[in-house]
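Engineer: In this note's numbering, the protein residues as written are 715 to 862.
FYI, nobody ran anything at the bench for these hints, they're computed from the structure. Misleading hints may appear alongside valid ones.
Restricting the straight-line Cα-Cα distance to at most 25 Å, the calculated cross-link-like pairs of lysine-lysine (DSS-like) are [what the hints assert, rightly or not]:
| id | residue 1 | residue 2 |
| --- | --- | --- |
| 1 | K736 | K725 |
| 2 | K717 | K736 |
| 3 | K717 | K820 |
| 4 | K736 | K753 |
Everything numeric in this text was worked out from a predicted model, so none of it was measured.
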Amino acid sequence: DMKDVISSSGKRLSLIAENQGKALQILVENINNQKVSRKEKAVYVFICICILLLLSYFLNLAWTSLLLIRDGFLKQLSNLFADQESQISQLNVRLENVEQMTTQFKVVEQLGTRLERVEQLVGQTGGQLTDINNQLKSNLAKLDKLTA
């Protein structure tokens, strides 16, 4: 849509430039040949003024179209920027949540390894306690034999 507006403005300007070029060329040729009467000069001056007015009108129209296109682009860019900012803030929140979860997983993992160590120590001390208990029983049995 915007490309069509720009290309149509460019086509109009090129047509205007061609028409002006032809009119000026004819005017210069007639002036150089000095076959121009006062009425013809007045008509040529009037035509030149009309061409200049038309040129300024079309240039103003093209300029206005370009400004409208620019404003549309700026509006779209500002909307995209706002959307992008909200998405970035959402991503930051999600990233913080993921970081919290990973730290929680690390804490759980550390607790798991500590529990495994405690279980190993309990297993080792349990075995040692059983050995000590057996030794105590045998020593008590020996004492009972000696005292009896």
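Engineer: Now tell me if each hint is right for this structure.
Structural biologist: Hint by hint, here is what the structure shows:
1. K736 with K725: The given pair, whose Cα atoms are some 17 Å apart, holds under the 25 Å limit.
2. K717 with K736: This hinted pair is violated, its Cα atoms lying about 29 Å apart.
3. K717 with K820: violated (56 Å)
4. K736 with K753: Satisfied, since the Cα-Cα distance of roughly 20 Å is no more than 25 Å.
When the structure is compared with the earlier hints, violations turn up for hints 2 and 3 and for no others.
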